[in-house]
Structures are given as structure tokens and as C-alpha cells.
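Peer 1: Given the structure of chain A, go ahead and fit chain B onto it with the hints provided.
Read off the chains here:
2 protein chains.
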Amino acid sequence: MKVYETVYNYYLNLMKAGDLKAGSKMPSLRECEKVLNVSRTSVENGYLQLAADGYIYSVEKVGFFVTELAGRVGKQEEKKSTEKTINKYKFDLAIIGEDRQVSCLNLWRRYMKSALRQEDRLLSYSDYQGEKDLRKEIANYVRKRRNIICSEDDIVVGAGFQNLLQVLIALIPGEKTISFPTKDFFDGATTFRNAGFNVSYRNKESHVIYVTPSYMTKWGEVMTMQRRRELCDHALNNNHLIIEDDYQNEFVFSSKPTPSLYALTGGVNTAFLGSFSRVVLPSVRISFIILPKGVKEEYDKIKRAYNQTASKSEQIALAQFLRDGHLNRHIKKMRRLYEEKRSVMEQAINANLSGKGEMLIGESGMEIAIRMKDKSTFDKIIKQPVSVGILDNSHENSTILLSCSKIEIDKIDEAVTLLLGSKSK
Amino acid sequence: MKVYETVYNYYLNLMKAGDLKAGSKMPSLRECEKVLNVSRTSVENGYLQLAADGYIYSVEKVGFFVTELAGRVGKQEEKKSTEKTINKYKFDLAIIGEDRQVSCLNLWRRYMKSALRQEDRLLSYSDYQGEKDLRKEIANYVRKRRNIICSEDDIVVGAGFQNLLQVLIALIPGEKTISFPTKDFFDGATTFRNAGFNVSYRNKESHVIYVTPSYMTKWGEVMTMQRRRELCDHALNNNHLIIEDDYQNEFVFSSKPTPSLYALTGGVNTAFLGSFSRVVLPSVRISFIILPKGVKEEYDKIKRAYNQTASKSEQIALAQFLRDGHLNRHIKKMRRLYEEKRSVMEQAINANLSGKGEMLIGESGMEIAIRMKDKSTFDKIIKQPVSVGILDNSHENSTILLSCSKIEIDKIDEAVTLLLGSKSK
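Just so you know, the protein sequences line up as chains A and B, in that order. Quick note, the first sequence lines up with residues 1 to 425 if you use my numbering. Quick note, the second sequence lines up with residues 1 to 425 if you use my numbering.
One chain only, chain A, in its complex shape (with noise of 0.2 Å):
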């Protein structure tokens, strides 16, 4: 996607969410520049284009407007997300939620329960670190699962990124610049930017190195063996940090190997954040980092400065739902559900598609993308009433992203077919 595009979609998808209503001013493009870190021109180039597409006015020497128009796209979608979603779409392959098929709702209740019981514990404030039960039992996780060694001191506990980033940065000294690899991860970069880096993209030379190993794309590329080598030699020799966000590991269904690079570097200039809430449940936040070998001590220097987020009585369920083994057999559970689905979901494709595009499937994750072969064939299929993503939507590069992580796996066949259209039957 072009710099542009991503002022138009973001600042698009604000008027959608009904944040940018009609009337309102936008920000000015000074204030888009800093919000987005994107040059003038590209912020210029996104406001003609939402301009020219009826979404802004301007009005000269004071700014530019939200329209109408962008009003109605607001609530359209606002209809579109309560009880309207059936009749404007027949199939939702846009969201990425859990399938209730293996939600492990009710055993989180049970384990809910029997944390609310523990009177001693909800009488007192949490940890700065985060519950040690649970920290204990993340060290036992990730040593299973990632190979990786630390003690429970080595882990901080957090409702998040954002506030685990927060403690991170306070103990990484050097120069303030960091890399990620896409313009979507905006909290990230947000948090980064608000403590004085600069940020930037793909770029090697940058002191912090944010990567997403098992998720390198939306539709699931996974970084090679190679390519992890390199990265961790690297940051050893020019004593750059990596930050390792394992996202969608649990999810990683090619058969090769994807060891975890703090496993590869022994932790050293390697920070590990993890989450719970992909495999758990969406609304339990619980989040963690490994900090890397070598600032523990300087972390129990600080710690008191930076409060716990996570609730405490989730830390407390969490850590006996891992004691009992409970995540494993449910991540297992998970994993071959979504397998059985993204193979049903990418047979669909290949015999819808004929020549319409071409599918980038990677080896992780519940999402397909489609690049289609021209911005006409984009159009006609994104008015099929099936929800999909759109991840470019410009005339040289239009794709689509699909995901079958929500739609139950008998009704997928259904959806690719109504989407792309072209099965004889």
C-alpha cells in the first residue's frame, strides 16, 4: 500500500467507526504528519484523494471538513455492525474473532469462579510484576512451547503491549530509534514515539528491531530459518535489541521448525512479548514480556514506578487454567479446527478463482489474501454481500483479505463461492 492510502483508509475508517463525524474539522496536516510520522506530501496526497472521493471539503485558509457523505459511510456501517449484518451481508469473512465452536468460554468461568473465591488475595493490591503464580507458570509455558529458559523474575505481567513497551523502554539505553515492519502498528509506534524515538520501517539499522517472526504479513508469511539467523546475528554484532512479538505462533502450521529468536539468542538483546488473549479469550488482556538477559536487576530498580494493569483476579485464573494444562489441550483443540478451516477455505478459493487474481497464502494464521488482477474485478467483488478486508484498495495493487477464523467451517464453501462467484454448478 502507498503512503497515501494509508492516510485516506485511516482517517476513511475513523469517519466509518463514526469518530470523524459530518461537519467536523479535520486534523490539520501538520497534526496528520505527527500522528501518522508520514511526509507532508503523502498526508497531502491522502486528503485530494478522500477530496476527490466526496469525503472532505475544504475551505480555504481554515482546514479541511468531513462531508455528508463520509457521515452516511459512518452509518451504514454502524447499522452494519448491530442488527442489521444480515440483510446487507450474507457472510462475514472480515472479522477476526474466535469461533465459538472452540471458545473455552465455560471453563473460563469455572476458573473465573474459583479466583473470585480467593478472598486473601482480591483484598490486596496486585504485584508490580504481575501475580508470581502466573509468572511462574508462563516461564513453565514458554519453555515447553519456545524453548525458551527464564526464571518467573525475568517476566513482567500486563494488560497489553502498550504498558510492557512502556517498562521496556525505560531500560533499553542507546540511541532512540526503532523499526517495524509495517504502518500498522500504530500502538506500537505510538508508544515509541511518545517517548521520543523515531520511528521507522524495514530498516536494519534502526537500535530496536520490532519484529512479528510467525506473522510477517496479514496473510500469514512466516520468517524463514535463514532469515531468523541473520537477524539475531545481526543485532549480536551491532548490539541492536529485537523485539520478538510472537503473534500467531500458536497458529504457525507449516511443518518446519519456528524456533522463538530469544530461544536462537539466548535471550541476549532479545525482549519476548506474548499474549493471551488470541488463545484464551478476546476480552482476557493479559500480556507479558521476557525482558532481555541481564536487565532484571535494573527492572527491580524501576518497578515500583510502573503500576500492574492486568486484573488480578484474571492473573489468578490464568495461572491455575495452565497449571491444569488446560491451554494446551485448547490451543491443540484450536489448531485443528482453524487448520480444517484455512484448507477448506483455500480449496474454495482455487476453485472459485479462475484467473481473477492470485491468492498470497502464508503458513500461519486464519487469513488469506487475494490480489486481484485489476481494480474492476476488485470492484465487482467487494460489492458481493460478503464482508471481506481490504488491504489496498489502489488501482495497480487492489487485495482482499479473507479470513475464516469467525464463519463456521460448513458455511465457508458457501461464502468464497457467492464472493468470487465463478462455480459452475
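Certain hints may be false.
Because identical chains cannot be distinguished in the list, a pair is counted as satisfied if it fits within a single copy or across any two copies.
[Unchecked claim] Each computed EDC-like pair below joins lysine to aspartate or glutamate, with the alpha-carbon atoms no more than 20 Å apart:
#1 K204 / D374
#2 K218 / E363
#3 K356 / E119
#4 K34 / E297
#5 K132 / E340
#6 K136 / E297
#7 K256 / E297
#8 K303 / E31
#9 K136 / D187
#10 K2 / D392
#11 K293 / D153
#12 K204 / D53
#13 K113 / E230
#14 K406 / D120
#15 K301 / D187
#16 K218 / E396
#17 K34 / D300
#18 K293 / E152
Since the hints were derived computationally from the structure, they do not count as laboratory data. Because the structure is a prediction, the values reported are computed rather than measured.
Peer 2: Relative to chain A, chain B alone:
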């Protein structure tokens, strides 16, 4: 307390907690300067005092190291906090925790169970800003209790203040200077310092002024109406931003009104911070900020860069808990008990103090301070088997802090008598 004593106490507490272990290296003078934001002289004096008391020793050209003595202090404290409490201390007037007599844990459990039944909501991610039903209830709550007129769109929910302050920082332009009441606000000061702010204390010239009007000192001094008006005028006239941390407002026992600064300014140049940890359960980490008037639209533009941290199930439970009026009833019950306990403690101190020092008592909270008449009296008293807080252990100004929040009401008199030990029986 003198600044070097802040340094002294900070590191002594780390040793006691076992975070700085025997044999480990102390932070360099420069690191300490940075962490605590104090002058080099204060750091040096603090370290010298730690060395004089045998907690650290210096190795020429290398730095300071923690001694075995410090290790033992840590171990003693560790024992104290676990099973040996009863042996060492007969009573605990140090812990600021919750009295089980008024705990709402049973009720809270019911609401959590109900929240855990909301399958749809638990299988999806949280709202960036916080659950909408909760924000509506918070808007009702602050209207009734703090005279604040705002909509749910002005409210951002989060797990603790640090995340909420991050959001606020991204929304406030102008000079990056902030003033805190005292050095006790480590976490808040760290958040601002990491964002490039210059932190000072009780400095009216700062662009941002952080205040806790209902709990200005550890012994519960409450900001007078006159001071409130002056502060609001000052902020409006100079275009400063007030951050009003409403801590302990529920436990202001004075008969005088304590209007919120947010209400006094109509929300202009004022942000309001509230938390439910103190009034629901210590383990429930749900806080909120009411944004200053006029920044809501800006917030809508940036909100996707700041992830929600508060537990979704706890947010759902709290919304229902508020809607059913439980919090107001619960606060009433707590106020009644704590007011009585406070008065029992005040009487007990009065009956036993007889020239040993001066009682410092404000109008809020569950704490009373005693400024001892001299250091030898202080030393004798802290050797009693009653755990107390130490506000200041300097020769000139030794002060202890007694809290009646956790101890049962019928033990307060015995504990204070044992501590101050002069009642003739």
C-alpha cells in the same frame, strides 16, 4: 522529609522488599539522579547515610554494593509479611488495606458471575475508550457525587492512571512542565518524565498542575475552598492544565463542601481522575479520566493508538454494580465504619500521647500522623510490637503514620495504647 532521605528510604525499601539483594550493585549516582529526579548532592548524601547505617559499602572506582545487613533486613521483612507477623508485631497500623467487615466481595462475585455469562461481549475485544455502558454509569456517578456534567464520550476508562495519563499527554499541547504535590507520586512522575516532561514539585508556574485536593498530605489534609478557587483562577488565567486526582474524596469526613475543581472550572483546563480500586476492591483496577472540555474530538482521532487495558468482564460487572446503586450504598457503609474507627483512633492517641509528640490530623482518609517530640522517643516507639508507617525518620522531624483502615475496630485502642504505652491501668 529532606530530599536525601527520600533517596535513603527509596533504596532501603527496595532492600527490604528483596529487590536489591546483598552483593548486588547499587545504581550509579547518575542513574539514581535520573530515576528519582533529585540533585547529585542529595543522591550522594542519601548513599552516604545508607553506607553509614551499614546497608551499602563503596568499592573505589566501581561503585556501591549492598551489604549482608541489608540482606537480613530484607529477610526479616519477608518473614514479617508472611507467617511470622504474629510473633513480631501484635498489631498492624501500617497497612493501608481494606477492613473485611465492609468488604463487598460477596456482592462483587455475583456481578462478576453475571458478567461472565455475557458470551457475546466476552468473545470480542474491548472498546478502546472503555465499555459504553460503564462510561454512561460513570457519567451518572460523577454527576451525583462530584457535580460534574459530562457525557460518556468525555470519559476514558483504563487499568490505573498511567495509561490514562498517556492519553492525556497526547492531547495537551504547550510547554512540557508538570508539578506534583510531593515526591510520592513516583508512577505519575515517571509517566510524564518518560514523555519528555520536566517534573517539579508544588510549582505553580508549571504548565500542568497535578493535585489531590481531598488528600493533600498523608494525614488527610483537604484543600480549602479558597485555595480551590485560587487554583482554578490561576489555571484559567495562565492557560495551565489542572489534573485533579480525586483520591480519597469518598472518605472526606469534614462537613464543609469539597466541590471538584472540574465542576468549578466547568471542565475547562481541567482533567479529572477517578478510581474504583479503593471503593470496590483493591484488586479491581478500573480507573477513568474525564477529559478537559474541547479535546474530545482530538481524542477520537488518536484513540486507536491507545489500547484498552481494563478487564472487560470487570468493566461489565462494574457497570451493572453502579446501575443497581450498590456503590453508593457500599460507600455509605464504608464511610460510617471508617469514620468511627478514625474517631476511636484519635481518642486513643489523645489519651496516650501526653507530650510525646504532636498529632497531625486532616479531614479525610484513615490515617493520623504523629510528629514525635524527639528522635529517641521515635526510636523507642517504633520498637514496640506494633507495625506503623514511617513518614520521616530524621533527627529533627521524625514522624510516624498510623492507619486504622485494616485493623478491626475493637483492637484499635489496645494497639495504640501498646504503641504509645503511657496509659495508667
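Peer 1: Where does the structure disagree with the numbered hints, that is, which hint numbers, in rising order?
Peer 2: 1, 3, 5, 7, 9, 12 and 13
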